[in-house]
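Novice: Let's have the full structure, built from the sequences with the hints guiding it.
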Amino acid sequence: MDDLKLKFLDLIHNQRNSQKVPIIDADSPLFLDFNSPAKTSVIKETKSDSQFNKDLCPDTDVLDNIEEIYFREDFSPSRYELEKLDGSLEMEVIENNLHVLQSQLAVVSKKVLHMILENQSLCQKEFNKMQDLQQLLSETLLTCQNARSNLGKGQKSFTTASLGILRNYSRRKIVQDLLRSLNTIKTLLQTEAKLVKLLDEGSFSEAISLLLECQQVALNYKHFQCVAALSGKLQDTLVMAEEQLDVALAKICYEFDSEVYTKLQAAYSQLGKRRIAMDQLHMHYTSAIHSSAFNVIHEFVSLDNLQNCKKPFAQLCQQIGSDKLIACLLKLCQTFWLILRSYNQVVQWHNVNQFCNNDNDFEQNINEQYIKQKLESSLGKLWHDIQSRVSVLITNASVVNLKFDDFLQVLSILHKVAQIGEEFCGSDSAEIQTSIRGQSSHYFRKYHLSRLEELRLFLENEAWNPCPVKPNFNLLHLQEFRNLRNIVQQASVNKSHKRSDSVASTVSSGYFNRFAFKGTPFDDSESDPSQTEEDILLADEKNDGYGTEESDDEDKKYHNSHINSKSRKNVILLTNTTLTVLRHCGRYLQMSRLLRSITTDVLICLKQLFEYYLYAVCKFFTVDLPTLTQCNTLYSVQKISAVLKRIEDNLIRDENSSENASNKVMAPVISPTVDLKDPENLFGLSERIVSVESLIFLADQYNFLRDYISHLISDENDKHSLELFYSQEISLAVEVRKPVYECVARQIIDSKLILNLMSKVNWEVKDVMCQHSQYVDVFFRELQIFVMRLEKINAVIPVSKDVINCLWHSLAEVMAEIFVEGFSNAKKCSNGGRALMQLDFTQLMSKVEVLSSIKSIPKRDYVEAYVKAYYLPETALQSWIQSHPEYSSKQLLALVNCTLYNNKKARQKLVTLIEDMDRR
Amino acid sequence: MSETYDYMLKFLIIGSAGSGKSCLLKQFIEKKFREEGGHTIGVEFGSKVVNTGGKSVKLQIWDTAGQERFKAVTRSYYRDAVGALLVFDITNRNTFNALQNWLEDARTLASPHIVILLVGNKKDLESERDVTFLEASQFAQDNELIYMETSAKSGENVDDAFLWCSKNILNKIQTGEIDPERSTSGIQYGHLGTRRLTNAGQNSPRGCALCQS
Ligand SMILES: Nc1nc2c(ncn2[C@@H]2O[C@H](COP(=O)(O)OP(=O)(O)O)[C@@H](O)[C@H]2O)c(=O)[nH]1
Ligand SMILES: [Mg+2]
Chain A
1 MDDLKLKFLD
11 LIHNQRNSQK
21 VPIIDADSPL
31 FLDFNSPAKT
41 SVIKETKSDS
51 QFNKDLCPDT
61 DVLDNIEEIY
71 FREDFSPSRY
81 ELEKLDGSLE
91 MEVIENNLHV
101 LQSQLAVVSK
111 KVLHMILENQ
121 SLCQKEFNKM
131 QDLQQLLSET
141 LLTCQNARSN
151 LGKGQKSFTT
161 ASLGILRNYS
171 RRKIVQDLLR
181 SLNTIKTLLQ
191 TEAKLVKLLD
201 EGSFSEAISL
211 LLECQQVALN
221 YKHFQCVAAL
231 SGKLQDTLVM
241 AEEQLDVALA
251 KICYEFDSEV
261 YTKLQAAYSQ
271 LGKRRIAMDQ
281 LHMHYTSAIH
291 SSAFNVIHEF
301 VSLDNLQNCK
311 KPFAQLCQQI
321 GSDKLIACLL
331 KLCQTFWLIL
341 RSYNQVVQWH
351 NVNQFCNNDN
361 DFEQNINEQY
371 IKQKLESSLG
381 KLWHDIQSRV
391 SVLITNASVV
401 NLKFDDFLQV
411 LSILHKVAQI
421 GEEFCGSDSA
431 EIQTSIRGQS
441 SHYFRKYHLS
451 RLEELRLFLE
461 NEAWNPCPVK
471 PNFNLLHLQE
481 FRNLRNIVQQ
491 ASVNKSHKRS
501 DSVASTVSSG
511 YFNRFAFKGT
521 PFDDSESDPS
531 QTEEDILLAD
541 EKNDGYGTEE
551 SDDEDKKYHN
561 SHINSKSRKN
571 VILLTNTTLT
581 VLRHCGRYLQ
591 MSRLLRSITT
601 DVLICLKQLF
611 EYYLYAVCKF
621 FTVDLPTLTQ
631 CNTLYSVQKI
641 SAVLKRIEDN
651 LIRDENSSEN
661 ASNKVMAPVI
671 SPTVDLKDPE
681 NLFGLSERIV
691 SVESLIFLAD
701 QYNFLRDYIS
711 HLISDENDKH
721 SLELFYSQEI
731 SLAVEVRKPV
741 YECVARQIID
751 SKLILNLMSK
761 VNWEVKDVMC
771 QHSQYVDVFF
781 RELQIFVMRL
791 EKINAVIPVS
801 KDVINCLWHS
811 LAEVMAEIFV
821 EGFSNAKKCS
831 NGGRALMQLD
841 FTQLMSKVEV
851 LSSIKSIPKR
861 DYVEAYVKAY
871 YLPETALQSW
881 IQSHPEYSSK
891 QLLALVNCTL
901 YNNKKARQKL
911 VTLIEDMDRR
Chain B
1 MSETYDYMLK
11 FLIIGSAGSG
21 KSCLLKQFIE
31 KKFREEGGHT
41 IGVEFGSKVV
51 NTGGKSVKLQ
61 IWDTAGQERF
71 KAVTRSYYRD
81 AVGALLVFDI
91 TNRNTFNALQ
101 NWLEDARTLA
111 SPHIVILLVG
121 NKKDLESERD
131 VTFLEASQFA
141 QDNELIYMET
151 SAKSGENVDD
161 AFLWCSKNIL
171 NKIQTGEIDP
181 ERSTSGIQYG
191 HLGTRRLTNA
201 GQNSPRGCAL
211 CQS
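Heads up: the protein sequence lines correspond to chains A and B, in order. The first sequence finishes on residue 920 if you use UniProt numbering, and the numbering steps up by one all the way, no holes. The second sequence finishes on residue 213 if you use UniProt numbering, and the numbering steps up by one all the way, no holes.
Because the hints were derived from the structure by calculation, they are not lab data. Note that beta-carbon positions come from the ideal geometry of N, C-alpha and C, so glycine has one too. One should not assume that every hint holds.
What the hints assert, rightly or not - Part of the chain B face toward chain A, derived, beta carbon under 10 Å:
1. K10
2. E30
3. K32
4. G42
5. F45
6. S47
7. V50
8. N51
9. W62
10. Q67
11. Y77
Specialist: Written as structure tokens, this is what we have:
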């Protein structure tokens with residue numbers, strides 16, 4: 001059937017005309033019933049088709065010959081045909097046409113009819129079907145309408161309300177959630193304030209953990225827009241907290257607080273930043289050193305000049321005047337000390353608080369190790385920073401212009417700094433040592449020269465009165481030796497003691513223990529560093545007189561003890577100048593103690609102090625020594641002369657010479673108040689005694705210091721020169737007695753008077769006399785006066801046995817010389833005369849023995865041998881003369897003349913011999 | 001020693017023990033004060049260059065021990081001194097009572113032109129004052145001295161005391177009352193002036209027997 005249909009369609013397409021059959025104007029009811037002409041045509045055609053197939057062709061042909069145009073819709077056949085005629089109204093043609101058209105019409109009508117018939121039932125069938133369908137549709141419509149109205153009813157009465165409830169419920173749920181979240185957020189917001197409070201309180205660890213917790217919470221709520229902002233804020237707070245931690249860490253540099261530090265460490269540990277914290281801490285230390293150094297300097301440099309704010313450290317240091325240097329140095333050291341102490345405590349804290357002993361925690365262990373290494377390795381660096389600041393200050397500030405005590409103080413401060421360095425990190429503080437070394441030597445030489453200059457002033461004002469001190473006085477009682485007492489005593493008590501005192505090497509101080517909690521080692525600016533320890537040691541000594549003199553009661557005590565003391569051995573004679581020399585020694589030694597590197601200079605200068613004093617004493621008190629006496633040929637006097645010559649060459653400036661003598665002093669001039677010419681006071685014997693004995697005392701004190709000094713020096717040359725100094729110069733002090741006292745001895749006895757009296761004695765007496773000559777009494781009288789005057793002096797100043805002995809020795813020499821000289825003046829002499837000579841001499845000697853209480857008076861032989869030579873036979877006389885060159889030629893000639901006065905030949909021979917000896 | 005000055009003047013500080021002489025000297029020279037320090041033994045020395053009246057003057061200052069038994073030692077230092085601070089302790093009447101003796105010593109032993117300033121020390125201890133300002137001024141007036149109160153502790157008036165003395169001496173030189181050429185070694189020309197050692201004439205013959213080898 002389908003096939004058929006298709007065929008139809010094809011057909012219709014091919015031959016449209018078939019549809020617009022000439023029925024167009026027809027008013028057949030069929031057409032009215034079937035609205036569509038197509039249908040009609042289809043039916044028609046189907047009919048015609050079957051017709052074609054069944055019967056004849058002529059119909060088909062006719063159909064086919066129908067002009068195409070007839071099949072057009074709005075076609076008017078009448079008009080078409082008329083137009084086709086075109087004026088040529090030939091009947092035949094029109095007839096023909098008419099015929100054709102009529103046949104065609106017939107065929108078409110037939111055909112159409114046929115087709116209508118053919119399709120009538122089919123149409124009916126289709127129509128029925130359609131009616132059925134219509135029926136179904138209206139039924140469905142009805143159902144739908146029913147359902148709709150039912151639904152509407154249900155909706156109205158049931159669904160709307162309960163769904164509303166459900167919706168509201170679920171909304172409430174959501175809002176509740178929201179409220180909870182909002183509350184949390186609110187708490188978060190409030191936590192912010194709490195965090196700040198915690199941080200301010202320093203509860204870092206709590207703050208951090210709270211903060212971290214908050215951040216975690218915030219993360220959970222990050223879908224809220226406001227939380228995003230909040231967590232930004234939290235992040236800010238965290239940053240701020242870390243900043244605060246950092247600030248607290250920076251504060252640790254200046255003052256370590258174990259509690260705070262523990263909290264800080266805990267906090268950093270929570271942040272997982274312990275290593276970073278350690279690095280940061282070290283940065284803080286470095287900058288603390290840097291900035292506090294600047295702050296200190298700025299305090300002391302006037303900042304009026306704005307430029308100063310920007311100047312580098314070294315330049316600022318140059319502006320520190322010498323008056324402010326110590327204060328500045330102390331302040332700097334104090335500041336540094338606080339930093340060092342804090343660092344030391346940090347190290348200790350880490351030693352005690354090992355963060356984990358748990359071997360399993362690998363990372364913690366690594367951290368711990370890192371921290372340990374960092375702490376250890378930074379000790380040296382930190383010290384270096386501090387040390388270099390200090391030495392920059394020292395090298396740039398005007399150290400050279402400091403007063404001595406101040407300079408010492410600077411040295412002692414630096415010494416202490418070095419000790420602290422040693423304790424802190426085992427550093428030898430080489431930088432500081434070098435910075436001070438060069439300047440010290442220069443400073444010291446300059447200082448020494450002005451001390452010598454000052455010493456000259458003292459010597460020129462010196463009245464050579466004894467300075468009253470306690471009988472047990474020694475140099476350790478002087479202020480200047482206050483800090484050296486123990487060491488010096490130790491050194492001299494224990495010689496075998498091996499360089500152990502050396503202050504530089506004693507690290508016993510333990511500054512970090514002693515000043516762990518308060519104060520700094522640099523607080524007491526007046527006191528010497530090492531003094532604290534020594535003062536403790538000396539506590540019990542203090543009362544028994546180290547503090548030198550007290551009150552006027554002491555005055556009386558001194559006088560009593562002085563007068564009562566019969567045992568003169570212990571009495572000390574010293575002058576104000578001696579004390580001054582000793583004070584200088586103390587200062588020099590203090591300096592060398594603090595600064596080993598200038599020991600050589602110190603040694604030379606110590607020597608020069610003594611030499612200058614020795615020189616002055618000799619120069620002042622041997623002026624009146626007759627140059628040409630025999631005693632000058634004595635070994636000891638020659639030695640003194642040699643030493644004095646050397647001193648003069650090295651130390652004494654020659655006013656007349658133009659040589660540059662910047663390192664020399666002028667020779668001192670004795671004070672005009674000292675009178676060396678008055679016989680009443682024994683030609684200044686008192687002053688001479690004080691001078692020589694004070695020199696000896698000084699030498700004694702130098703001897704006392706010897707072990708200590710030799711202990712200071714390590715250089716072989718220095719050791720050698722020290723040996724020489726002691727063996728040649730210090731030992732010389734005692735020998736100075738001889739020439740000085742001899743000056744007095746020579747003037748005590750009026751030799752001219754005695755010799756004159758002796759020349760009047762008759763040496764040609766026949767008999768042996770039993771009465772001594774008169775001049776002996778005069779002689780003795782002179783000696784008695786001397787003893788009286790000496791007694792007077794002794795009442796004022798203690799004259800020791802040694803001094804008295806020495807005086808008598810000199811006197812004995814003088815007496816002997818006078819005797820020999822007097823005897824040799826005798827032109828002629830008898831045996832009786834010779835005996836008288838012996839008697840006179842022995843008489844005087846026995847009296848002198850009593851007077852001087854000296855057992856064997858020296859030089860007796862000298863006189864006796866001369867007298868007795870008279871009895872020698874001629875032959876023996878010659879050899880005697882040859883073996884006694886100590887007599888002058890004049891004396892020998894006189895002897896020969898007396899002995900051989902009647903033997904001209906022999907006499908001549910011996911005279912020639914003596915003249916020959918003299919020439920040689 | 002590159003120190004230059006016009007004159008060098010010899011100064012004394014005298015007075016009873018404990019009146020603060022050493023402290024005054026220390027304060028003047030070092031600007032320091034030491035609480036303890038023991039009594040002076042004998043004589044100590046200090047020098048300082050000051051500027052006054054357009055001249056630079058080197059003061060050679062001898063600080064003497066105040067105790068009686070040192071008299072013999074200290075007296076030799078009086079010679080030729082041209083300036084002196086006569087010091088007593090305003091909190092200790094004994095030191096005030098002793099002034100007359102000290103003054104006599106100074107007048108007899110030092111240069112006849114000596115300028116003496118009476119110094120009442122320990123001004124800082126006002127509450128313990130034992131000698132009134134009026135009393136001391138009266139004493140000064142009676143003895144033709146100028147009176148000044150100082151504190152070696154605070155440093156008050158210390159410099160002024162020394163400066164006042166120096167200035168007076170310079171005045172005397174300028175008015176011709178003192179002739180530095182003829183006066184004794186208490187005044188010497190410094191390196192700036194025509195230096196002449198005024199005590200050169202008193203030089204004992206140079207050298208000694210032992211030094212002539
Ligand atoms: N308060 C106070 N004490 C002083 C003053 N001057 C000296 N002293 C104290 O007085 C004592 C004696 O001082 P010192 O100079 O040794 O007297 P000196 O014997 O005259 O040399 C010491 O303990 C000083 O500390 C002062 O101006 N004020
Ligand atoms: Mg004193």
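Novice: State for each hint whether it applies.
Specialist: Cross-check of the supplied hints:
{"no.": "1", "hint": "K10", "verdict": "holds, 9 Å"}
{"no.": "2", "hint": "E30", "verdict": "holds, 5 Å"}
{"no.": "3", "hint": "K32", "verdict": "holds, 8 Å"}
{"no.": "4", "hint": "G42", "verdict": "holds, 4 Å"}
{"no.": "5", "hint": "F45", "verdict": "holds, 6 Å"}
{"no.": "6", "hint": "S47", "verdict": "holds, 8 Å"}
{"no.": "7", "hint": "V50", "verdict": "violated, 16 Å"}
{"no.": "8", "hint": "N51", "verdict": "violated, 17 Å"}
{"no.": "9", "hint": "W62", "verdict": "holds, 8 Å"}
{"no.": "10", "hint": "Q67", "verdict": "holds, 6 Å"}
{"no.": "11", "hint": "Y77", "verdict": "holds, 5 Å"}
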